[in-house]
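Protein chains in written order, with the numbering used here: chain A, 21 to 493; chain B, 21 to 493.
It is worth saying that the hints were derived from the structure and are not from the lab.
Values in this document were obtained by computation on a predicted structure and should not be read as measured data.
Hints should not be assumed to be uniformly reliable.
Stated by the list, open to error - Taking lysine-lysine pairs in the BS3-like style, the calculated list, with each CA pair at most 30 Å apart, reads:
id, chain 1, residue 1, chain 2, residue 2
1, A, K277, A, K49
2, A, K122, B, K358
3, A, K298, B, K358
There are 2 protein chains.
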Amino acid sequence: MHRFTFFSKLLRQGTTIVSEKEEGLASHKLLLQSGILSVSSPGTFVLSPIALRVVDKLIAFIDYKMSEVGGQKCLFPTLGRSQLWVRSGRWEKFGGEMFRLKDRVGRSLCLQPTHEEEACEFVSSLDIGNSVLPLRIYQISSKFRDEIKPRLGLLRCREFLMKDMYSFDLDVRAAEKTYDALSNVYSDIFRTLRLPVLRVAAEGGLMGDCHSHEFHCPLAVGEDTLSVCPSCNEAVLAANADSRMCPDCGLDRQTFKSVELAHCFLLGDKYTSNFNVKTTTQNGRKILQMGCYGIGVTRLLAAALEHFTASLVKENPPKELRWPSGFAPYSGAIALQKDNARDALSTDELNGVLAHFMELPSTSNSPTSGSTFFAGLLPRGDILVDDRSRLSLGRKLLDLRRLGVPWILIAKSRKGSVNSEYELVDVNRGGISFTASLNDVVAAFTRYDFQIPLPDICDHQYSRLWHENDTSR
Amino acid sequence: MHRFTFFSKLLRQGTTIVSEKEEGLASHKLLLQSGILSVSSPGTFVLSPIALRVVDKLIAFIDYKMSEVGGQKCLFPTLGRSQLWVRSGRWEKFGGEMFRLKDRVGRSLCLQPTHEEEACEFVSSLDIGNSVLPLRIYQISSKFRDEIKPRLGLLRCREFLMKDMYSFDLDVRAAEKTYDALSNVYSDIFRTLRLPVLRVAAEGGLMGDCHSHEFHCPLAVGEDTLSVCPSCNEAVLAANADSRMCPDCGLDRQTFKSVELAHCFLLGDKYTSNFNVKTTTQNGRKILQMGCYGIGVTRLLAAALEHFTASLVKENPPKELRWPSGFAPYSGAIALQKDNARDALSTDELNGVLAHFMELPSTSNSPTSGSTFFAGLLPRGDILVDDRSRLSLGRKLLDLRRLGVPWILIAKSRKGSVNSEYELVDVNRGGISFTASLNDVVAAFTRYDFQIPLPDICDHQYSRLWHENDTSR
């Protein structure tokens with residue numbers, strides 16, 4: 021039975037009062053109210069077991085997508101020597117955004133906000149040969165930035181989870197191939213999440229002048245502004261736009277607030293020449309070409325949660341969370357009757373029901389699409405059993421719907437009845453319920469592609485962009 | 021094909037020269053020489069993709085064992101507010117071992133070396149009810165301690181991975197039950213790893229005066245000394261022993277150098293009263309009883325690697341790594357002939373061989389023992405294909421043996437031959453090879469229990485202790 025999670029073992033919902041004055045994200049307030057997220061200090065959070073389940077699913081998915089492009093996962097240290105950063109010239113440039121400290125003997129250290137320097141130093145030490153190129157190493161770890169104003173929950177933190185890949189190629193052409201491969205895999209990731217994300221040209225910023233693109237999710241609370249041509253759909257950052265008109269179509273661009281979720285940088289030899297990252301070729305030693313590819317994992321979670329909550333829940337402000345398809349903390353929930361109800365399940369009956377979820381079809385051997393990936397990954401027993409003995413079914417349904425678990429099986433005893441049908445609630449479609457066999461229930465719990473309907477965005481123009489950009493259907 | 025790892029995509033072995041003067045761990049030197057581990061600054065390391073595979077397997081195993089005792093995984097922040105630590109009185113007590121820093125507005129923060137304060141604050145904020153007790157929350161994350169002398173690689177770092185669980189119970193008796201449950205699961209973990217570990221009574225140290233036990237692995241390079249009665253086998257820390265004689269048997273205790281891998285603390289209400297962690301009972305509000313349970317994950321990896329390398333490799337100093345059964349970076353390797361060799365596999369033949377490893381038996385539904393756990397967990401394709409096109413089979417075997425992959429399949433083409441037998445090398449048994457069908461090979465790659473023979477410890481007394489303590493056989 022330990023393979024399932026029981027609600028009575030979960031942290032009970034807290035009674036945190038969220039200040040009405042708190043700006044912004046409806047989903048963030050719901051996370052705080054339910055105790056899924058807890059503030060530790062400004063811009064730092066405790067991820068509760070429910071939040072961590074979602075983060076772990078996101079990480080598994082990103083790992084899978086990185087493996088598709090030959091990514092090898094490693095772990096760089098958080099503590100960075102000042103020497104590395106002085107060498108790259110960024111010890112000064114990062115300014116107040118970088119957390120700095122000294123060790124007990126007075127050596128300067130920082131909490132590394134990114135790892136170009138460390139990656140170069142590591143690869144340089146390995147004295148790699150040509151045959152390992154393209155080399156694509158990445159990590160998923162906590163990063164630190166001393167934000168002037170941490171805000172909007174997980175959207176702008178001082179401590180956050182980030183995936184950062186560093187690529188090393190023999191020449192510019194090969195590095196551009198890597199850049200295209202990673203740009204495409206990023207688009208794949210957002211498409212699988214069914215998140216409307218636009219790729220926009222950007223400036224290098226702290227990374228130095230270089231070819232660079234950002235991936236933006238339109239969100240009303242975003243801090244950036246996108247400028248999008250209504251005809252050719254080309255998007256640019258409003259801050260970088262020379263004019264409001266599209267240079268190709270001559271039409272006025274429309275603007276949307278947005279949040280940056282990922283970035284790609286073609287860094288060239290900016291860091292590799294500094295750190296002497298070379299390989300041996302027939303023509304002697306050659307400096308490698310580098311790229312850097314980041315995704316804010318906790319930020320992605322926050323943006324996706326806000327997007328789906330805002331677009332799928334009709335109440336304003338919403339009272340229920342909505343997760344991207346396949347990334348809810350549980351793929352389904354089983355609501356039990358009160359212990360003393362006449363139609364409460366016996367232990368044997370409950371075990372019979374749970375056994376059904378242990379016999380899910382096993383991993384497909386060659387996952388090719390997002391949905392197949394999940395079919396393989398689904399942890400058997402990724403199901404929450406609401407076994408709180410003294411609460412009514414109504415209260416349980418309320419709590420489970422608030423949590424945003426997409427499917428709820430209402431499990432009442434059918435003693436002596438030949439009727440083997442159960443009531444199944446489709447939370448994402450407004451909580452409509454219908455009768456289903458246990459096989460139907462298992463199918464529903466694992467049918468991610470159809471779990472969340474297409475986003476129903478108020479803004480028509482934006483909605484059209486999203487539909488046209490989504491080539492997965 | 022991406023589900024397998026190809027050696028040509030791995031970081032090539034570096035040529036790092038390890039100073040002969042470097043003290044200690046033979047396994048650590050091998051890790052550095054092969055580029056599996058790389059020093060970033062004193063006491064901080066880069067975990068290469070190979071090292072991270074092992075860490076990830078360890079983490080998955082620990083997660084599984086924690087779920088067996090109702091552990092719920094969360095993530096606490098690394099950055100800690102000084103106020104929390106001042107409140108518990110440990111801001112001063114931790115002294116120079118705690119990394120401290122200030123944010124841009126001058127607030128004092130630390131890199132939290134442990135999370136009793138944060139856990140209390142979190143649980144207190146949730147206003148939990150009785151029904152969620154016993155509450156057992158844990159995390160696996162990077163911890164930081166400003167060691168005076170980081171040494172022996174992953175055994176004593178400034179940045180390391182630790183699993184820390186915090187338990188909350190209604191009363192002392194319930195807290196003691198949690199303490200016993202966690203002590204037992206720790207013993208289980210070490211037994212599954214086949215690591216000789218002794219449980220010894222300890223003092224609370226920085227945690228405060230409390231009931232406390234440490235788990236020690238005898239290692240010649242260890243910084244602690246165990247004092248063990250040769251008759252009743254009771255072990256104590258030599259530093260805590262009142263006399264060299266066993267009080268029960270009257271015999272002189274023997275001493276072994278050892279490394280602490282885990283600790284359990286029954287903290288009582290030391291922190292919970294300070295942080296007002298209460299629950300509502302029929303008799304009003306009641307302070308909860310707390311426990312704390314840590315395992316050094318990267319330290320455990322280092323100790324296990326050193327133990328098995330030192331005890332299983334006959335050369336001194338050893339030239340090959342040995343991993344605990346089931347935790348090698350790959351469950352097996354396939355060595356291909358040079359591309360231009362007459363008996364090199366064709367692509368079709370290679371795919372045929374690899375397909376065999378895609379069809380491993382699927383997850384068992386109710387894992388009960390370590391080996392069954394692994395049978396379920398084994399990632400399909402947890403196999404390294406040595407496809408370096410221009411290297412001889414001899415060189416590949418040498419590299420794979422150095423890496424400590426337990427089984428190596430030598431894959432030569434059998435064009436037109438009805439003989440479907442292959443050569444399989446059993447690395448842990450000194451590299452003896454025998455003929456095997458592909459089904460035999462699959463069985464060997466997944467037969468963890470028999471993969472590594474029992475440790476062959478030089479010290480007879482110590483060996484006897486280990487055999488007697490190991491009740492798993």
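Q | Hints breached by this structure | A | Number 2 - this is the single hint that the structure violates.
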